[in-house]
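Sequence lines, in order, name chains A and G.
Residue numbers for the first sequence follow this note's numbering, beginning at 1 and rising by one.
Residue numbers for the second sequence follow this note's numbering, beginning at 1 and rising by one.
Any given hint might turn out to be false.
To be verified - Simulated crosslink set (DSBU-like; lysine-lysine; CA at most 30 Å straight-line):
1. 61(G) x 141(A)
2. 57(G) x 141(A)
3. 92(G) x 149(A)
4. 22(G) x 149(A)
Keep in mind that the hints were calculated from the coordinates and are not lab data.
Chain by chain, the residues run as shown.
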Amino acid sequence: MSSDLIFSNVSKRYIVRHEVDDDATKHPWIRKLNALRKRRDEFWALRDVNFAVERGETVGIIGHNGAGKSTILKLLANITAPTSGEIVINGRLSALIEVGSGFHPELTGRENIFLNGAILGMGRREIASKLESIAEFAGVKAFLDVPVKRFSSGMYVRLGFSIASHLDPDILLLDEVLAVGDAAFQEKCLQRIEGLRRAGTTIVFISHDLAAVERICDRVILMRRGEVAATGNPRDIISLYQEQIEPSRINTMKTAVEDDRAVIESLAFYTPSGLRPSVFHTADPLVARIDYVAHEEVRDAVFEIFVRTGDLTEMCQLTTETSGSPINLPVGPGTLEFHCDELSLQPGMYHANVCVKERLASEAINWQYHAATLRVDPGRITRGQFYQSNRWKLLRQAHSATSAQNGAGEAERPPATRRPSLTPTS
Amino acid sequence: MALAEADLVAAGVGRDGPRRTKVIRPVAFSIRDLWAGLMGLSAYADLLVVLSAHRLKIRYKQSMLGIAWAVIQPVALMLIYTLVFSVFTRIKTPGVPYAVFAYAALLPWTFFSTSLTNATNGLVSHAQLVTKVYFPREILPISYIVAALVDLLIASIVMSGLMIYYHVSLTPQVLWLIPVTLVMAAFTTACSLIFSAMQVRVRDIGMAMPLVLQLWMFGSPVVYSLRQVPERFRDYYLLNPMVGIIENFRAALLGNPIDSHSLVISTVLSVVLLPLSYLYFKRVEATVADVI
């Protein structure tokens with residue numbers, strides 16, 4: 001198999017300039033002069049990076065912020081040059097990075113398609129032949145002769161993606177672009193990418209969205225501090241990365257509040273049958289198990305779990321405060337389980353904080369941050385902020401009274417729809 | 001959706017031609033880069049066309065006078081200079097009325113100054129694009145030059161009106177406009193490449209540009225003729241490539257003899273400067289996204 005992309009010993013250095021912090025007692029002119037003499041620091045965004053991407057392969061690149069992911073993307077897209085080493089690219093490469101940045105508000109949709117297409121490297125004739133399809137895909141066909149400043153932000157984004165996705169590249173670079181548009185359009189984008197993939201396009205996907213990486217990629221490269229830390233099949237590398245986030249699943253907890261009366265030892269998520277999968281799906285049942293040790297007797301204790309997103313938005317809370325009978329903790333270890341019938345969380349990575357307190361106390365007895373990570377993949381697919389569990393029932397069927405009875409009942413979850421198939425179904 | 005899928009598959013079949021291999025290396029300052037740069041540029045010829053057209057469209061899209069703006073600037077300058085230099089004080093102009101004399105020089109000068117003013121900011125004003133998408137960056141400054149060239153053509157219509165009004169007739173000398181314009185375009189491109197690249201690191205360039213252009217204009221034979229420059233300054237004066245360009249642009253239009261001495265100097269300077277400026281630009285281009 002031939003390689004479409006080869007990185008050999010690629011390094012990239014950035015020069016970071018700092019303002020020299022200066023003595024306020026000096027004359028302002030002297031300070032001004034000193035300010036010109038900025039301190040230069042070197043920062044190696046990539047160091048001796050080697051990898052190859054085979055033809056037709058879909059490779060994901062993951063890592064923390066600053067691990068070198070976006071530098072790789074910029075180098076591949078030729079936006080900036082490496083400091084040393086060599087990059088070989090076989091074929092037409094295009095990047096889907098923050099689409100729509102080349103739009104001019106005064107120009108019409110049609111004019112912008114030509115402008116943007118040309119910026120992305122399409123010839124005028126090529127654009128003209130794809131104009132229909134681009135407008136169709138973006139759903140702006142009726143607005144082609146309207147200046148794009150009159151477009152809604154959704155139309156703007158859709159048009160941007162549509163142009164870029166009509167490039168027919170040999171190699172496609174994907175950033176976090178999948179995070180644009182509404183759910184329906186995202187699904188359309190995924191289908192488009194899947195189509196390109198089946199047509200044999202080599203894809204490099206750089207993302208924080210581990211679920212999407214696992215879904216799309218054949219192979220994953222894990223970057224750490226500018227170097228390739230590991231490469232291999234998505235499942236292994238992603239779990240390696242997750243262990244990096246929390247080296248051992250239990251001991252990543254950061255103790256925030258602590259007195260010695262009771263300590264939370266661990267928080268973990270299980271299925272009702274006692275399995276501990278690495279991934280849950282929207283609408284799956286979930287059991288959250290807290291293991292604790294009480295060193296003194298605690299009367300009327302309250303346990304709470306807070307589920308947060310990566311950017312610290314609080315998604316939900318599980319608490320014993322408002323339900324059930326009071327809990328008294330005798331001295332010794334114990335376990336408490338929260339049972340959720342259907343997980344409402346939409347796909348994503350979540351962190352859980354856990355605490356135990358006395359009902360009327362202002363301070364918690366023990367509070368653990370990042371006690372566990374919860375990864376949710378698409379299960380029952382719904383739009384919106386969260387999945388609302390529901391039953392449905394068909395009333396007043398016109399023709400057959402008996403079928404109404406059959407149609408009623410809980411919405412079944414056929415196995416096929418638990419994980420969305422990537423092939424277009426419409 | 002099904003339709004789009006079919007397109008893709010068809011495109012997939014068609015794509016199995018020979019693939020271009022691109023190698024990205026750290027920047028070096030070599031002749032090979034010059035060649036590679038030009039090849040890259042030719043692949044993006046369509047972008048240059050679209051972007052230049054875009055410049056013109058944008059300029060005239062929400063303005064009432066529209067395309068007339070290409071004419072207003074040189075005409076206004078011509079009027080004021082005619083007032084100052086042929087009514088208030090008299091500058092001798094051989095054979096032609098001052099208005100024609102001045103306008104014939106303001107055509108190339110307006111082209112030069114408009115190009116340079118816009119092109120200098122060409123990279124910086126497109127920082128959004130430059131940090132997101134690759135295309136040969138020189139297309140940004142050059143597109144302003146192409147647009148200015150169209151403005152030059154439009155402004156020339158007024159020139160023909162003036163010539164008819166003052167009964168100045170064209171001679172075969174007018175053919176010299178072609179080489180002179182080429183030299184002018186080359187020199188303008190060289191300056192634009194240098195200044196736009198410098199502007200990325202040192203924004204003072206853009207600040208200084210209006211002043212520099214003002215001084216430059218009075219250091220070029222726009223409101224006076226080359227012959228009025230004292231002999232002893234002439235050698236230094238001729239080092240300004242715009243001297244040979246403007247003097248001969250006017251000579252070609254008005255049917256005066258070509259001043260080959262100044263034209264040769266301008267040509268040689270431009271031809272040497274253009275590849276050097278291009279190499280410099282390409283060097284800056286390689287890391288422009290990190291700095292801009």
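Taking the hints in turn, this is what the structure says about them:
no., hint, verdict
1, 61(G) x 141(A), "holds, 22 Å"
2, 57(G) x 141(A), "holds, 22 Å"
3, 92(G) x 149(A), "violated, 53 Å"
4, 22(G) x 149(A), "violated, 37 Å"
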